[in-house]
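Using the sequences and the hints given, assemble the complete structure.
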Amino acid sequence: MTTLPAHSGFPWVMVIGLLPLLGVAGILLLPKAREAEARMIALGASVVTFAASIGMAIDYKVSGKPFQFTQDYTWIKAFGAHYALGVDGIALALILMTTALTPICVLASWHDAERLSPDDEASSGRGPRLFFSLLLATETLVIGVFGSLDVFFFYVLFEAMLIPMYFLIGSFGGPRRSYAAVKFLLYSLVGGLLMLVAVIGLYVTSAHQLGHGTFDYRVLINQVHISHHEQIALFLGFFIAFAIKAPLWPFHTWLPDAASEAPTGTAVMLVGVLDKVGTFGFLRFCIPLFPYASKLFAPYILGLCVTGILYGALVAIGQKDLKRLVAYSSVSHFGFIALGVFAFTTQGGSGATLYMVNHGFSTGALFLVVGFLASRRGSRMVDDFGGVAKVAPWLGAMVLIAGLSALSLPGLSTFVSEFLVLVGTFTVHRWFAVVGIAGIVLAAVYVLWMVQRTIHGPVTRAVEGFRDLSLREAWVIGPVMLAIVFLGVNPKPLLDRINPSIQRVNVDVRHGDPLPGAAIHCVRLPTRSSAAYSSSLTLSLAAARCPTGYVEFTSHVTLTSISTGSTVK
Amino acid sequence: MYSALHAVTYAKSTGVFDLTFLLVLFPAASAAVLLLGGRRTDRWGHLLGCAAPLASFVIGVIEFFALISRDGGQSRQLDQHLWTWVPVAGFHANVNVLLDPLSITFVLLITGVGSLIHIYSVGYMEHDPDRRRFFGELNLFVAAMLLLVLADNYLLLYVGWEGVGLASYLLIGFWSHKPSAAVAAKKAFLVNRVGDVGLSIAIMLMFATFGTFSFSGVFTAVHGPGVRSGTMLAIGLMLLLGACGKSAQAPLQSWLLDAMEGPTPVSALIHAATMVTAGVYLVARSGAIYDVSPHARLAVEIVGAVTLTMGAIIGCAHDDIKKVLAASTMSQIGYMMLAVGLGPGVYAIGIMHLLTHGFFKANMFLGAGSVMHGNNDEVNMRRYGGLRKLMPVTFVTFGFGYLAIIGIIPFSGFFSKDKIIESALDKGGATGDLFGAVAIAGAGLTAFYMTRLMIMTFFGVKRWPRDVHPHESPKIMLIPMAILAAGSLLAGYLLVLGGSLQHFLTPSVGSSIEQGAHTISPWVLSVITLAVVLGGVAAAWWLVGRKPVPAEPPTHVTLATKAARRSLLGDDINESIFMHPGAYLTRALVFFDNRGVDGMVNGLAALVGGSSARLRRTQTGFVRSYALSMLAGALAIAVSLLLVRVG
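Heads up: the sequence lines are chains X and D, in that order. The opening residue of the first sequence carries number 1 in this note's numbering; numbering runs sequentially from there. The opening residue of the second sequence carries number 1 in this note's numbering; numbering runs sequentially from there.
It is possible that some hints are incorrect.
Taking lysine to aspartate or glutamate pairs in the EDC-like style, the calculated list, with each CA pair at most 16 Å apart, reads [to be verified]:
no., chain 1, residue 1, chain 2, residue 2
1, X, Lys390, D, Glu378
2, D, Lys475, D, Glu126
3, D, Lys178, D, Glu126
4, X, Lys320, X, Asp383
5, X, Lys390, D, Glu552
6, D, Lys475, D, Glu552
In short, the hints are calculated from the structure, not lab data. Remember, it's a predicted structure, so these values are computed and weren't measured experimentally.
Rendered as structure tokens:
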């Protein structure tokens, strides 16, 4: 059986995953008369969950084991399914983002659920208790998905995640909510079925090789050798499921409907958090399990990505509905994320992971400000606004900053991740990156045109009475803005944790990042022989590339260190 | 062969040079207080807004003297490490600020001229209810501009680069309730984004080629043997694309004239003295890259020569005083571009013209602001006339700027512009002669449109409407104008005599001390240039000054004039090539996305589960069947897994 340690450290993942469920229990115990208190419980539970995930981040050892805080219990012995949890740097970052955004979603939904409940026949079963229970349940399931180390366990959570989200959209959304919810479900179901087939296939393969089938992720990547043919088939099953979830072009059409019909908090949860499961799945399963197939399909996938980047941005430019505009901008952004993932470089992968986190905050901010605007005007149409900045300057400023973060303004968090993705792609697939860069111009078009038509221009009559941000709204958007600025200035703590995990993911598909094109310099050695230098500087001598008496060094080694003869790592 | 002589290293900052970060911090902190503080800071906001750049200026002066008290060369380049920004494997970006002769020169320009314009704005914006926000955004600009010139690597430079772009966007759109201002702001940002693509690709090329994008790393590595000239050309051209966007050079020039929608102090500081010259800074800073790529240099020269001519022609045709000055800025930056494109030895001369231009153009913009202030914000020069008697101080200070820009000895523009013409001719060959001739012709055009502006504004008979009562501006505006006027006169001596600026800048941009023979003796050349300039002045008087200025622009004019009035069709070209086809593409894709992709999927769903309408109606039933399918799925898994186990 497995030689990997079953348990290590404090079971943070389980604790963090269960805390929202405690909230659900509390909410369900509430009598109907006090159902409005559900949101207080939800807020409390989600804040405590976030605090716990901070604790996990502090406890996480940057140079520790690949997976930390692991737990492993046999779940269904008959076919080797385990309840196995643990996080690496990628999962850590995404769980942090999830737990940080959930309280925001709760606070943003403060009045969304109550509006439908009083004496409303059609919404008899709805109301805050159901809404906030579903929201917290979603959080638990997402945390489980990110923290799962068993493929079967992952699959079950991945599918189960659909149920609360289906009801959140279908029961609490806008006028076309039923259509949107069904569409969301249909798409996800198709993906889920394909993944189910692949999961079974994976089990069969492991059974053939090990004599007993396993779903243990760490066993699968370390001990099971999957043939090329099998890799192709299984890869496609996982890939399409994740591509629909992400969503990647051309699997995206469910997103604009679902996101625009969902209430604000739900939209943030859906696009900001839930969809990251797709791009996370690429990193966690597609690449490490099927490196051959990943390499084989990468050029086509990169093609889909850049198409999605441009397509999403162009369609966003043409949207008249603010929420659909934000949704299409996300299609463009998911193209960037997947581009970084399938570039197989450290910059691309780390950039993509950071992008997932930053996109959660950035798109979250956009959905929130659109929600603020729509709640005042009773419409989401771009043309129904104008001059908001004059009437409500703080609201206007928030719309602008959210927009600037969507167009990746340097200094804000999204710039760091987008640039990393592009530079990581550029070093290996120059032209894909160059086409992707055109996306930054289109992003500026859809953002600034939207800004011009909503917050700038003459104050329209409907906008005249707009009040500025309320205290609750300030508490909703303030922390998101803070995160956007902070991660733009100081992404190092997150990157330090993400980098090693990304390098482990990429090690199977590419051995290290490409060396700079002009990395080889030949330096004349003034006095001592080159051999003496090469030993004291641990620099490799390449006689073929450099003439005798010269030593080769890479450009981040400075000349001072050579002339002084100090040791360079 | 490679030698250690080419190594670029910066000393670690110590002592007073550890204060460099404060240069950026003061205006940044002030901007944060003013923008986040809201109405509470209204009463004293403008005072804090002025104090911040002044404080930076004081530190700049202290550091300047500390710098020149050190030995020349490498010891005058001091790098301060603040924090590690983005570390991902080989990709390593620091937040470091570099104080060297080039950056301190810009620091003094930005904070010096910037402080004067802040003080002027206290008076200019006195009646604006949002004056505090104005100062906050102006401070934000100063902070970003300082970051741009102090960054020690290209990625951090990019942050400052976009920061000034953001500040420019906010300030052009300061009166955003005016649709024209909102559109102009957006346009400026978008055109600059196109330039940003160039800068981004340049940085990526640097990283892909050298594994670094820090100044010291790249400038050292360009001399390595593994470097291909095609790569260097590509980097040079991409940097140039970025520079064209920020500095409003052809073909990305069209945003600058619209940017005049912003308040006039903004035009003076951002769209004349500092931000628009960032492209020139970028090329001069990247001198080591252009030094090894003659083709890239040629591209810079062509852009400079074309824009200096375009700007001058456009300047001749507009009636809006700010637009004439803006066109003039384009043209003058064209001169600077031409200079820095001439490469080794001439970078410092481009910077010199940048500095003298910073003085005289800021001076004239503030003068134009003063004229507008006294004329109910009228910008049409056909509604001015004879203002010299009513606004004598403005007239005199503006006159200093005028004499400086057309290059009358002994005003500052004479020294710097002459040197550029001289350097172009010294380049030799067909291109050298051509660029020299263009530069001389440009000087004649400059004299023409500036004289036209002077005549229409300050001379002739009054043409303003009855309800306008032109009056001189308050002292708080006049004093900064007077100081800048003095600079317009004196800057030439301070910078040029004894080649002091060239010597000072040598560690940053390489030696620029004249060597070898001139094609034409500098004295002869000065006389020729002066003659052309006087010709331009005379032509303006002949065409504009002899007879009364008509209230409306004449309609029976040549096609060339019509084109010049439309800013040489810059907008028409953009619209027909990019905007209209782009709008069609967008509409087509939206249609396709709704009908095509979605229609296909809906059709498929209908095929599988009956009509899609039924799907929608039987929503609850569908959930039940979903639960059922989950159950069936789980069963299927269990069965198949058991089978596998058995098998």
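Against the structure, the hints come out as follows:
Of the pairs offered as hints, the one joining Lys390 of chain X and Glu378 of chain D is violated, with about 24 Å between alpha carbons and a cut-off of 16 Å exceeded. For the proposed pair Lys475 of chain D and Glu126 of chain D, the alpha carbon gap of about 13 Å is at most 16 Å, so the pair holds. Distance hint between Lys178 of chain D and Glu126 of chain D is unfulfilled; the C-alpha atoms sit about 20 Å from each other, more than 16 Å. Between Lys320 of chain X and Asp383 of chain X the CA atoms are separated by roughly 7 Å; this keeps the pair inside 16 Å, and the hint holds.
For the given pair, Lys390 of chain X sits about 35 Å from Glu552 of chain D by alpha-carbon distance, which is inconsistent with the 16 Å threshold. At most 16 Å may separate the alpha-carbon atoms for a hinted pair to count; Lys475 of chain D and Glu552 of chain D exceed this at roughly 34 Å.
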